Amino acid sequence: MSIMEYNGGSVIAMVGKECVAIASDLRLGNQSLGISSHFQKIFPMSDRIYLGLPGLATDVTTLKEQFRLRLNMYTIKEEREIEPETFAHLVSSTLYERRFGPYFIEPVMAGLQKTPSGAYKPFIAATDLIGCLNFAKDFVVAGTASTKLFGVAEGLWEPDLEPEDLFETCAQTLLNAVDRDAYSGWGAEVYVVTKDKVIKRTLKGRMD
Amino acid sequence: MDISFALTGKGYVIVAADTTAARSIIKMKVDEDKIKVISPHLLMAYSGEPGDTVQFAEYVERNLRLYQIRNTHPLRPSSAASWIRGALASSLRSRKPYSVNLLVGGYDTSTYTPHLYWIDYLGTMTSVPFAAHGYGSYFALSLLDRYHDPEASLEEGLATLRRCLDEVAKRLVVSPEKYKVRVVDKDGVREIEL
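Residue numbers (the numbering used here), protein chains in the order written: chain A, 1032 to 1239; chain B, 821 to 1014.
Bound conformation, chain A alone (with noise of 0.2 angstroms):
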């Protein structure tokens, strides 16, 4: 038994066309016993920056509360919000500092950076449980289900979709890998972040 599959839990995020999304699952368990089918995973840092927390439960909540407190002292000292790139390196100093006494949870973060030009540049990244960062260039997982999301993603992705393509192609990865992991499911979520709009949706896969 491992704490970090102690309460199960998926997501996964993913680039497109000056779009990204980021989805999840919405079961909360004690090993194989379902608590609850509402427990939400993913939490909007800024207007353009989203944040999944798979892992530990309590750490979830934890880490929640802590993001809120020092991205709040970050907006009052910089007088600006983050940037989606300053807010993956918070997260890993965020984690490296527990170095030897862990949170139990692997990030994942999707948000859109804005270049010097004021465009905005789909950004993902994920890191470890104690703050190794990876950014990639088409999408990350992690959770319980991570093995199988690698799966789904590596053969449903392509480059430069649309945010209604990149939606689909997302929801169906999450959906799908989920299907496959007893500890991941029980509905889920997906944020499509554009330039000017974030389209959430709450969707119900196979509920058992």
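Chain A stretches covered by chain B per the calculated footprint, using a threshold of three residues with CB under 8 angstroms from any CB of chain B:
1) 1065-1074
2) 1082-1093
According to the in silico footprint, chain A covers these stretches of chain B (three or more CB under 8 angstroms from chain A):
3) 909-922
4) 937-948
5) 956-963
Treat the hints as calculated values from the structure; they're not laboratory data.
Only a predicted model underlies this, so the values are computations on that prediction, with no experimental measurement involved.
Each residue gets a CB set at the ideal place from its N, CA and C atoms; glycine is no exception.
Starting from the known structure of chain A, arrange chain B on it as the hints suggest.
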């Protein structure tokens, strides 16, 4: 092992917990109250390590009372549950963590809605329509999936609870003989004899 259940309905939360205090295979007591009335509209059923449970429940009770004295108003159920979770989560990474599992049920007098939170000793918290801790959860959760109705009247809610207790009595090897049942609604907390 303690058993506790809770479920929400139309404007109320029912919380039930067994009343046995056991040590090893011996029943020491059969009228132990394991539901604490934290504030006029808040209930907390606790189970887990004997000693830790009462100690932690009283710690929560006194702290939330202190808040009420300082601020005139009591904490609302969601805030109280968050505070309790925070206390458990920080205890988890201390030298001697509390091993206490909780069901926190309350009635929010500002929004007129019932709230129920499932909290375990790790500090995991989730808002749920119905919940259980202990061996009872393996029997009751599937029953509640089938029979729970968030719009049910108090009588219907108690009937659903009775189904759960009967199922535990029928199928669990070491089932408790008595339960204490409390309800919280707009009028506050009261005890109910099943």
